[in-house]
Structures are given as structure tokens and as C-alpha cells.
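Taken in order, these protein sequences are the chains called A and B.
Residue numbering for the first sequence follows the numbering used here, beginning at -12 and increasing consecutively.
Residue numbering for the second sequence follows the numbering used here, beginning at 2 and increasing consecutively.
Hints listed in this document are in silico derivations from the structure and should not be mistaken for laboratory results.
Where a beta carbon is used, it is the ideal one built from N, C-alpha and C, also for glycine.
Check the hints yourself; a few may be wrong.
Rough simulated footprint, nothing fancy, chain B against chain A, three-plus residues with beta-carbon under 8 angstroms [said to hold, decoys possible]:
hint	region
1	85 to 99
2	175 to 185
Interface residues of chain A toward chain B, partial, derived using beta-carbon atoms under 7 angstroms [claimed, not checked]:
hint	residue
3	G19
4	K62
5	H63
6	A66
7	H71
8	G103
9	M196
10	A200
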Amino acid sequence: MLEIDNISKTFNTGTANEVRALVGINLVVDKGSWVSIIGTNGSGKSALLNSIAGTFMVDSGEISLAGQQITNWPKHKRAGLIGHVFQNPFTGTAPNMSIAENLVLAVYRGQKRGLGWALKHSLTNDFKNRVRHLGLGLEYRLDSPVGTLSGGQRQALTLLMATWVKPKLLLLDEHTAALDPKSATLIIKLSEEIISRQNLTVLMVTHSMEQAAKLGDRLLMLHQGKIIHDVGGSEKKRTRVNELLFRFDELRGRDQMDENTAEMLRRNYI
Amino acid sequence: MTLLVGSLVIGLILSLLALGIFISFRIFHFPDITADGSFTLGASVSAVMIVNGVNPLLATAIAFVFGTIAGSITGILNTKFKINNLLAGILVMTALYSVNLRIMGKSNIPLLFDITLMTYAESIGSFIFGRLDSINLFGWQVYVSDFSILISASILIGIFGVILYVFFRTNLGTAMRATGDNDQMIRALGVNAEYMVILGLALSNGLIAISGALLAQYQGFADVQMGIGVIVWGLASVIIGEALVGSRLVGMIIIGAVMGSVLFRLLVAIALRMGLNPNDLKLITAAFVFIALVLPGLLDRLKNKREKAANA
Ligand SMILES: Nc1ncnc2c1ncn2[C@@H]1O[C@H](COP(=O)(O)OP(=O)(O)O)[C@@H](O)[C@H]1O
Ligand SMILES: [Mg+2]
């Protein structure tokens, strides 16, 4: 489904601020797999997702998705295959437009926008039904500007928009990190529902060890732009992951994670 | 009376300018100075064609096309060549000054004896009212010719308003509005945001060029200087319009821009009548826009301070 072949990305090359955000990443994700990604701040988690979404072009390597070589595709073209939910609830919606207008933009994700009337009656019925599933009462507020919604509501809407047309790949980038615990729980519940109903292929970056342990069938750990850890889903492995997560949490807290400790971790726990 | 009707007509004509500025400035947050050049471009292109016997309707339509080209160039400079939006507009505006002189061949073209859209409007009027020279309108004597131009201008602007409204509610128009509202989001939904900016600026400057073409035909001449500072007129109209309708709905904003433009012209006419020196007009308009731009923020801050003081 998703094949990443040795991609690298360096920002601000040749300056004092040079950052090697991705260093020779290789990754193959099967169809229907849900991969959780953890790592310290600045380890390249968002960079990995953004390189797939086409927010920037990689310096080297190849990316293919659903059988297509997308390495050189511009972002808007890749968006036809990819749903993307960001950490900031403000990023995924247009605040001055109504809920219905935001949804209609998602209905045609990846398609040419023509001169047809946007808010067709048949669509608004659809909107009502699927928005009702969110369980937030938003179906009565389809004409309200999105700017009047709470962060959690906006993120729920973004999630719905990213998956309105079934994406080949769903990218979730710490999509609950900016929310209060109650909203975060709700968004995770919605994510699980949508992902299992549509049987989506997912890359989910998370700041929450609990989410990483509980969700998905595979876990990646990134450090300094490299995948330093990659476990699949059997029960046995999961217990060890929990230990590792505990350790990782500890290290992260003390901000001691460098190349050597990562190497040590890998040898000790896998 | 003629003065009042005159400023109403100019207000209506310039409402297309206001709508153009609304698109660039309010939808895309793009302070597009191309407006000053494309306004004159519309006037010069249509004037040259009209004196050469081209049908004025066709001449005005071609003015629109030229305006869209000017706007697209600004859009391309900004999006493809990554030139800052102000500078992109300044470059095209500056270039257009020479282009306009080239098109006209001189700095001023009179249109007093040519067949323009105003001639059309007047002949429709005399067809309806026959030989009457003036009619009684709510107790005022109004020249039939003035009256028919006013009505024709209202109808024309009405048509443009409806077309724009419908456009902004289509899938393309909705995507365009969303691009200005949150371009990161619209990219993630598969829209080429750069293309939207180019298209939006093309539309904006096309409307502005029509506005220039109509004004030239109404006042009876095109002048290479006539576009200087029109962006500020447009802004003033948009701001007044927003205050009048107090709504962010597309339809209301379009109505507001037209009302704002007409009201702005009336205010100008009154100020001039009361003895304002016409040379000071641009200074006063600029000061007005300045105040209108900073006032909402200032009021907010004042309110916040008061609330803080009240809470303390
Ligand atoms: N557009 C950019 N320009 C410059 N540096 C960037 C950019 N995006 C990411 N980086 C840098 O790349 C590194 C990885 O960033 P990121 O992937 O956002 O980290 P995280 O794992 O916290 O999501 C960081 O050092 C960050 O500063
Ligand atoms: Mg990140």
C-alpha cells in the first residue's frame, strides 16, 4: 500500500540551522494496517507524515502509495489519495465558512471543482446523517461558521472531512494533543470507529503513550530522523512495547535520549 | 438633482471596483495595487476601441479580458515567482502605466461624440419616455437621460451582483473563498491554492477593468491618470459596506459593497458641495480608510482593558 524507499530530508542545508529531519527512512505499510508513531520532540514524526503528504519534497528516495509513484506529485494532487488531520484544530477547517460549506469542500477532495452549485440539496441530507454520527449535535448547526465551534468539535469535523471520501491513507498528526482530555477521548473513539468501519490504512503520530500502546497494530519509534524501533502486533510483543514505552517515557522526561541510549534500548528490549 | 443622480451612477459604476477589491483584499488578504493599473487599463482599452467604432458592449467585454490578464500576471508573479504580494502588484501597476499610454497613444481620449453604453441607455430611455425631456420623480424633476442611465446602471450592477453571488456558491467559488480563509486546509483537500489565487486576482482585476471602462464612458473620456488611488476608494467602499450589512455571508457582503460604494460617492459629493477642495479628497479618503482599518482593533483593546479593570 505505502512504500517508502530510503527517503531523506534536510532543512536549511549548509547553514548553521541545518536540520537532518529524515535520514534514510525505509517503511512498508500494508493495506488496512494502523501504525502508531512515537518519538521525542523534533525526532521527525511530523516530517515523515508531511513528506508523504507532499508538504515538502524529499531530497532523495521514493514514495509510492496505492501503486502510484507519488514522489514528485504536488501536495494538492496527493491529497486525492490522502486524508490529513493536524495537531492544531484550526488547521483543518475554514473558520469563516459554515459547517456545510466545509464539508462540501471535502466531498470533492482530489477532484476538479466546477461551476456546479455547491450546497446541493441531496448533499445536505448526507451531511446531516453523517454529522449526526459524530454525536455532537452539529447536525442542527450546519449553517453556523466553523469558527464558532470548540477545538474538539472542529477536530471531529476535520476527521470527518479527511475521511468523507475514503482515503488510501489517513495521516493523523498528534490530532488530540491540543484538546482537553474529554475531547481527546471523544476524538480517539471517533477515529477508531471511522478507521474500522472504512478499514483504513493509517499512520498516527501520537504524544500519548497510552494511545500508542492501545491503538494500532504496529508501533514505530523515531529518533533523530530515523526509525529506531518497529514492532508488529502480537500480544507478546505488546507487553514488551509497554516496558519500552515506560523506559522511553522516563528517558524523554529527563531528555536524555541520544543515539547511544537509543542503540542500547534497542539491544536490551528487542 | 443632476449632481445627486451623477454621484449615484458613479457609485454604482465604482461598486464593481469595490467588488474587485473585496475579492483581492477580503477573500485573499492580498492588497492588490494592480487595481490602479487595471482600472485605467479597462478605460483605455474600451476608449480606444469605441473611438474606432467597436460596439461598446464588446469593447467593455474586452476591457474585462485585459483586466483578467493583468490580474493573472500579478497572481503568477506572486505564486510562481514568490514575489511578495505588494511588490507583485506594484510591478504590474507600474508596467501598466506604460501599457496604457501605448494603448491610448496619448494621455487622454475624449469619448463625447462616440457611441457608448451611455448612448444605449439614453436611447432606451427615450424609447420608453418618448420626447419627454425630464420626468417628475417623487417631486423632483429629473432628466430622462440621467434617469435612464441610473436605471440601466442599477440593472447592470444587479446582474453582476447576482452572477458573482452564484459564482461564489459554486464548488469553484466555494474553494476560492476557502483558499483565502485557510489555504493549508484547502491544499490538504486537493485544491491547487496557487491556481485559486491567480484565478481570483484575474476575476478581481477583470471587474475593476469593467469599472474603469464604464467610468470612462460615463464621464466621456479615458485618462492615463484616472486609476491613481482607486484601490483606496474600493477599500473605503468595502469597509463602509461591511459596516452597513454587518454580515459575513457572501450575498450580504456583495450587497454591502454596492451600498458602500454608492454611499461613499454620496459622502464625497456632499463634502465637495460643502466646499472641500477636490485636491484634498484622496488625503481624506486615505485617512478614512486608515481609521476604519485600525478602529475595530482599537475598540477591542479598549474593551479588553475595561474588562480587565473590571475584573481586577
Ligand atoms: N519546514 C521546516 N523548516 C525547517 N526545519 C524544519 C521544518 N519542518 C521540520 N523541521 C525540523 O525538522 C525536525 C523534525 O521536525 P518534526 O518532524 O516537526 O518533529 P516532531 O517529531 O516533533 O513532529 C525538527 O528539528 C524541526 O525543527
Ligand atoms: Mg510534530
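Quick rundown of the hints versus the structure:
Counting residues of the region 85 to 99 of chain A whose CB lies closer than 8 angstroms to any CB of chain B gives 9, which reaches the minimum of 3, so the coverage claim holds. Check on the region 175 to 185 of chain A: 0 of its residues sit with their Cβ under 8 angstroms from a Cβ of chain B, so the three-residue criterion for coverage is violated. Interface hint at G19 of chain A: violated, since its Cβ lies 23 angstroms from the closest Cβ of chain B, which is beyond the 7 angstroms cut-off. Checking K62 of chain A against chain B by beta carbon gives a least distance of about 5 angstroms; that is within 7 angstroms, so the hint holds.
For H63 of chain A, the shortest C-beta to C-beta distance to chain B is roughly 5 angstroms, which falls under 7 angstroms, so the interface hint holds. For A66 of chain A, the interface hint holds, since its Cβ comes within 7 angstroms of a Cβ in chain B; the closest pair sits about 4 angstroms apart. About 5 angstroms separates the beta-carbon of H71 of chain A from the nearest beta-carbon of chain B, less than 7 angstroms, and the hint is met. At its closest, the beta carbon of G103 of chain A sits 5 angstroms from a beta carbon of chain B; the interface hint therefore holds under the 7 angstroms criterion.
For M196 of chain A, the interface hint is violated, since its Cβ never comes within 7 angstroms of a Cβ in chain B; the closest pair sits about 27 angstroms apart. With a cut of 7 angstroms, the hint placing A200 of chain A at the interface with chain B is violated, because the nearest CB-to-CB distance is about 28 angstroms.
This entry does not satisfy hints 2, 3, 9 and 10, going by the numbered hints stated previously.
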